[in-house]
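**Q** Going by the UniProt record's numbering, the first residue of the sequence shown is number 1, and it counts up by one from there.
Hints listed in this document are in silico derivations from the structure and should not be mistaken for laboratory results. Keep in mind that this is a model prediction, so the values were computed, not measured. In this text, a Cβ means the ideal position worked out from N, Cα and C, and glycines have one as well. Watch out, some of these pointers could steer you wrong.
[Claimed, not checked] Computed Cβ-Cβ distance ranges for the label pairs, DEER-style:
1) ALA76 with ALA42: 30 to 40 Å
2) PRO60 with GLU171: 26 to 36 Å
3) LEU214 with GLU182: 35 to 45 Å
4) ALA27 with GLY209: 29 to 39 Å
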Amino acid sequence: MSARAGRLGVGIIGAGRVGPVLGAALAGAGHAVIGISAISEASRDRADAILPGVPILGIPEIIERSELVILAVPTAELPALVGGLAEAGTWQPGQIVLHTAAEYGTAVLAPASARGVIPLALHPALAFTGTSMDLARLAESYVAVTAPTPVQPIGQALVVEMGAEPVIVAEDDRVAYAEAIETATVFSRSIVTQATSILANIGIEQPGGFLSSLVRSTVDLALRETPRAPGLSE
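Full structure from sequences and hints, please.
**A** Encoded structure:
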């Protein structure tokens, strides 16, 4: 099975910073976003801005109508959501279900897999803003793909259709992967916050702009100097 075999009806559960952007990326590839769940006013506004005209629907209705379901919910909520929907008999055999949590592979989707869904774990290595500018940044990003071997091509094809580059991450490596993502994210924010605070305290206006070129060039240099994975030739 390939994601390019036909256009999919895409349903999105969660209108945080990630779900609407991935939906818009897939819509740009010709898939149809049939609905998105959103509870707060802020999430509804975000969904309307990034996916104009897409209806706000309840979770059971989204799953009933979708061939591809994107679970873009907080990591802590994911296991209970998947399990609860399985107990309610909501999942449909043959539909693709993917989540976007860095920490989990597809094992967290086991209750849905037992109902016959195709499980995927896709995590974009990107700090989302929840705005349309993320679409351009997604096209410059990598996405970790974890899936059973027979369906890995589906995950890879979806990532390519979003405009990003897929990288296979094994199920057992997701914890280490998540640690790397968390380390890079927290450390970067902490260092930038500390440095801009020092500059602000000595009277430099717009310290973020002052450091922008320095931080970007330093990070780019560090990334170019990173070691290759074991076994890769120079």
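**Q** Starting from the range 30 to 40 Å, see whether the pair ALA76 and ALA42 falls in it by beta-carbon distance.
**A** About 19 Å separates the Cβ atoms of ALA76 and ALA42, which means 30 to 40 Å is violated.
**Q** Could you check the hint for me, namely that ALA27 and GLY209 are 29 to 39 Å apart, CB to CB?
**A** Holds, since ALA27 and GLY209 (Cβ atoms, about 34 Å apart) stay within the stated range.
**Q** A range of 35 to 45 Å was offered for this pair. Does it hold for the Cβ distance of LEU214 and GLU182?
**A** This hint is violated: roughly 24 Å between Cβ atoms.
**Q** State, for the Cβ atoms of PRO60 and GLU171, whether the hinted interval 26 to 36 Å holds or is violated.
**A** Check passed, 29 Å falls within 26 to 36 Å.
The structure is inconsistent with the numbered hints 1 and 3, although it conforms to all the rest.
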